[in-house]
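**Student:** Listed here are the chains, written in short residue letters.
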Amino acid sequence: MTTSWTSLKTTLSGYLKYRGREGQTAFMLHRITGLGTLLFLTIHIVDTAAAYYYPPLYEHAIVLYRLPLFMVGEIFLVFSVVYHGVNGFRIAYLDLIKPKDWMILKQRKSAKTTLIISTIIWLPAAWIMASNMIKHLGE
Amino acid sequence: MTTTVRKIKKQSNFEITSWKWMRYSAVALLPLVWIHVLIKDVIVGVHNIDTFYVRDIWAIWGWKVYDILLLAFTFAHGVNGLRNVSMDFFHSEKARKIVDWGLIVLWVLVSGIGALAIIAGARPEMLV
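Taken in sequence, the protein lines are chains A and B. Count the first sequence with the working numbering and you get residues 1 to 139, in order. Count the second sequence with the working numbering and you get residues 1 to 128, in order.
Check before you lean on any hint, since a few could be wrong.
To be verified - DSS-like cross-link-like pairs, simulated, lysine-lysine; straight-line CA separation at most 25 Å:
hint, chain 1, residue 1, chain 2, residue 2
1, A, K100, B, K64
2, B, K7, A, K98
3, B, K7, B, K40
Stated by the list, open to error - Pairwise CB distance ranges (calculated):
hint, chain 1, residue 1, chain 2, residue 2, range
4, B, V128, A, L12, 46 to 54 Å
5, A, S131, B, I35, 34 to 42 Å
6, B, K40, A, K106, 13 to 21 Å
7, B, G102, A, I32, 20 to 28 Å
8, A, L39, B, N48, 50 to 58 Å
9, A, L16, B, K40, 33 to 41 Å
Claimed, not checked - Computed footprint of chain A on chain B; a stretch qualifies when at least three of its residues, placed anywhere within it, have a C-beta under 8 Å from a C-beta of chain A:
hint, stretch
10, 77-86
11, 96-105
Hints were generated in silico from the structure; no laboratory data involved. Heads up, the beta-carbon is just placed ideally off N, CA and C, and yes, glycines get one too.
My request is simple: use the sequences and hints to build the entire structure.
**Tutor:** In C-alpha cells form, the structure reads like this:
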C-alpha cells in the first residue's frame with residue numbers, strides 16, 4: 001500500500017513539476033482531453049444503447065443533456081475531441097513519417113501550432129453550440 | 001562518403017503492435033469522430049435528438065455500419081489509451097494483472113452492449 005501511494009505521488013508531482021515547456025503542456029492536454037473524452041464516451045455508449053434496451057432511460061439522459069450545465073460541458077467536450085484529434089495527428093505524423101521533427105525546437109513550434117489550429121476549428125463550433133444553448137434557455 | 005547501414009530485424013511484440021495501432025486508428029478516427037460530432041453536436045443539436053431520431057438513423061444500413069465502426073475504433077482506442085495512462089501509476093506485476101483484466105472486461109462489456117443496440121435498433125414504441 002505504502003509503495004503504491006509513493007508511486008502515485010511521484011507520478012503526479014512529476015506531471016506537475018517537470019519543466020518540459022510546450023511539449024509537456026501538449027502531453028498534459030492530450031491526457032486530460034483523452035481521459036475526459038473517454039469518460040463521456042463510456043457513458044454515451046451505455047445511454048445511447050438504452051434507446052434499444054430501455055428507451056425511457058434514454059429519454060431521461062436526453063433531458064439531462066439539454067440542461068445548460070451539460071450543454072456547456074458539451075462545448076468543452078468538443079474542444080477536447082478537436083484538440084486530441086489535431087495533437088493525435090501530430091503525434092502519428094511525427095512518429096510514423098517524420099521522426100526527425102521531434103527535435104526540440106521544431107516540436108515546440110508544432111505543439112503551439114496544434115493549439116492554434118484546434119482553437120480555430122473549435123471556435124465556430126463553440127459559437128454555434130452556444131447560440132443553440134441560448135436559443136433554448138428557459139424551456 | 002560511404003555509410004554502412006545495419007538492418008536489425010526487430011521482434012514484434014504486443015506493445016509495439018499496440019503503439020502502432022494507436023497511431024493508425026488515430027488517423028481513421030479523425031474523419032469518423034469529427035463528422036459524428038459535427039452532425040450530432042453542431043448541426044442537429046441535442047434538442048432535436050430523441051429515441052425516434054435514433055430509430056430513424058439506425059434504420060439506415062449505412063449509418064448502422066458507420067456507428068459500429070465508430071464504436072469499435074473509439075472505445076478500443078480509448079481503453080488502450082487508459083491502459084497507457086495506467087502504466088504510469090500501476091507497476092507491480094500483480095497490480096498490472098488486475099488493471100489489465102479490469103480494462104479487458106470494461107472493453108468487451110461496453111463494446112458488446114453498444115454493438116447489440118446498434119444492430120437491434122431503437123424502440124420508441126416502448127415509450128408509450
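**Student:** Against the earlier hints, flag every one the structure doesn't satisfy and list their numbers going up.
**Tutor:** 1, 3, 5, 6, 8 and 11
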